[in-house]
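Student: Take a look at the letters that make up each chain.
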Amino acid sequence: MSTTQHSGEPLVHAVNVTKSFHGNQVLKGIDMDVHPGEVVCLLGPSGSGKTTFLRCINQLESIDGGRIWVDGDLMGYADRGGTLHHLTDKQIAAQRREIGMVFQRFNLFPHKTALENIMEAPIQVKGEKKAAVRERALALLEQVGLKDKPSAYPAQLSGGQQQRVAIARALAMEPKLMLFDEPTSALDPELVGEVLKVMRQLAKDGMTMIVVTHEMSFAREVADRVVFMDGGVVVEQGPPNEVISNPQHARTKSFLSRMRQEEQEHVEHLLEAAQRKEPDLLADVEGGQTAAGPRD
Amino acid sequence: MTPQAEDRPGLINARPVRHPGRWVAVVVIAVLVAMMISSFVTNDKWNWSYTFQIMVQKPVIQGVYVGTILGTVIAMAVGIVLGIILAIMRMSNNFVLRGVSFAYTAFFRSIPRYVLLSLFAVGIGYLYNTFQIGVPFTSIHFFTLDYQAYSSTVWIGGLALGLSEAAYMAEIARAGILSVDKGQAEAAQAIGMSPGKTMRRIVLPQAMRVIVPPTGNETIAMVKDTSLFIAAQITLELYYQATLFGSRTFQVMSGLMAATLWYLILCSVLMVGQSYLEKYFGRGFGAPSAKAQQKLQQVAADH
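Chains as they are written, first to last, in numbering that gives the first Met the number 0: chain A, 0 to 295; chain B, 0 to 302.
There's no promise every hint is true.
[To be verified] Lysine-lysine pairs mimicking BS3-like chemistry, simulated, CA-CA at most 25 Å apart:
#1 K129(A) to K148(A)
#2 K89(A) to K196(B)
#3 K146(A) to K89(A)
#4 K27(A) to K89(A)
#5 K181(B) to K125(A)
#6 K196(B) to K125(A)
#7 K196(B) to K175(A)
#8 K175(A) to K128(A)
#9 K128(A) to K181(B)
[As the list claims (entries may be wrong)] Sample of chain A residues with no beta-carbon within 10 Å of chain B, all distances over it, derived:
#10 P35
#11 N106
#12 F108
#13 R275
[Claimed, not checked] Incomplete in silico selection of chain A near chain B, CB under 8 Å:
#14 W68
#15 T82
#16 H85
#17 D88
#18 A92
#19 M100
#20 K128
#21 M215
No lab work stands behind these hints: they were computed from the structure. No residue lacks a Cβ here, since even glycine has one placed at the ideal position from N, Cα and C.
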């Protein structure tokens with residue numbers, strides 16, 4: 000269904016993925032290809048299975064049926080002459096090294112500083128030299144706009160800052176694919192912009208990204224393709240302008256109009272807050288976008 | 000109308016609430032403490048000078064080092080290591096491991112420590128003179144231990160108390176591990192950590208914050224439980240040695256007080272150490288969650 004033409008192998012190749020929780024089927028046969036450098040936004044109401052699908056890609060959830068390949072590797076199983084064998088925990092851990100993940104609730108390690116959070120995986124998982132990793136970690140902190148916070152513990156950082164550290168932590172493994180699970184949903188409205196800004200830059204630099212989000216303006220602006228899911232199936236997908244501006248299915252239409260309404264309220268709320276206490280913030284709210292600049 | 004600067008309320012300089020009840024309590028306590036001190040000083044039967052003499056006798060000091068301190072260290076080392084292993088087994092997907100952990104805890108929680116020490120002293124030496132590890136039903140042995148050489152030593156006593164302690168430590172460690180947010184293990188897995196490394200580097204260090212305070216209490220309790228060592232005929236131990244001096248010279252009270260003062264000193268030092276440990280493992284955190292605290296109170300109440 001994808002309208003964009005791609006040559007070569009897809010980075011993520013998912014076929015007929017199904018998944019149930021306690022008899023409740025959450026994914027009912029998802030097909031999805033994501034090509035290198037592509038940014039795909041998964042949209043849909045809560046309970047539509049988009050987060051579950053994202054977690055299936057890096058095996059945080061095991062799947063019941065179908066297959067998922069990432070960079071040519073079958074995830075979670077070894078195919079030996081047509082028979083599937085479960086991989087060991089260690090082998091699954093190795094498959095995840097190539098895939099970065101950013102969580103809704105950040106999940107930074109609270110007993111480690113920002114810098115230690117970023118350095119943990121390259122040292123412990125890849126066995127890299129501490130000095131080299133440290134340099135790269137500092138560069139990553141600068142990239143996400145937190146170069147003055149290396150020794151801060153997560154509890155000393157705002158939600159937006161924590162999420163940016165979490166992005167840097169995932170990037171430290173130099174992944175081929177980044178998964179974002181509602182990265183801004185747990186943030187105060189005025190902190191959303193600083194995280195989206197980092198993600199926008201990441202997309203510009205050519206990172207392959209799958210983003211579960213409710214940020215319509217981000218999807219419209221950054222995504223190469225949006226995929227609308229509902230009830231465990233892909234209802235509609237295509238370039239953001241087509242799907243968001245001219246949805247074909249009734250379910251997509253009703254969801255988008257609801258989101259538009261929320262977004263409107265959200266912008267009004269931001270403007271109101273800005274007028275109330277910080278007139279400077281007004282300058283950052285450009286053209287109805289919810290993006291506020293980084294505020295440290 | 001906007002109020003003028005001088006109309007606007009300034010700094011608060013209010014009178015404090017009076018607490019006459021507190022003053023009464025302070026006076027009552029002061030009188031009681033004075034009475035106590037006066038009895039210590041005026042009643043010759045306390046015989047403090049002899050008490051202090053007993054405290055610094057060589058066998059008593061040795062009893063402190065070997066029986067009480069080394070015994071506590073051995074028992075807690077066995078208890079903590081085995082307890083964490085039991086806790087991880089208890090949360091395993093393998094039902095055999097879960098069952099073994101459950102049965103172990105149930106068994107050792109039911110046996111009084113005094114009885115357990117007696118069993119170790121008498122029973123095992125009677126049943127097995129030597130302890131061997133080898134292939135069952137053959138005469139191939141990899142490892143042989145002469146039990147008699149170790150009976151009545153602090154090693155056997157520490158082991159017995161440690162086995163008992165592991166049952167309690169398992170519950171404490173489990174409460175600690177469960178108190179760590181599931182998202183932490185997921186985040187560690189997502190960056191490619193193996194389950195073992197996730198446990199060692201991410202989950203356990205955070206669980207320690209919840210595990211340390213009750214473990215401190217357990218350690219302090221263990222210092223006191225080493226006074227049960229005589230049940231296993233272990234005599235190089237503080238309580239036995241101190242009271243021995245007392246009864247030999249018919250100054251029973253001095254012997255008991257010498258032991259009491261030593262236990263007070265040891266436990267006070269441990270309490271200071273515990274507060275430092277709590278600070279170290281609490282870095283980056285506030286207080287443990289209400290749910291974790293509740294679980295730990297249950298564990299303490301079971302004791």
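Student: Go through the numbered hints given earlier and state which of them the structure violates, listing their numbers in rising order.
Tutor: Checked against the structure, the hints that fail are numbers 3, 4, 9, 11, 12, 14, 15, 16, 20, 21, while the rest are satisfied.
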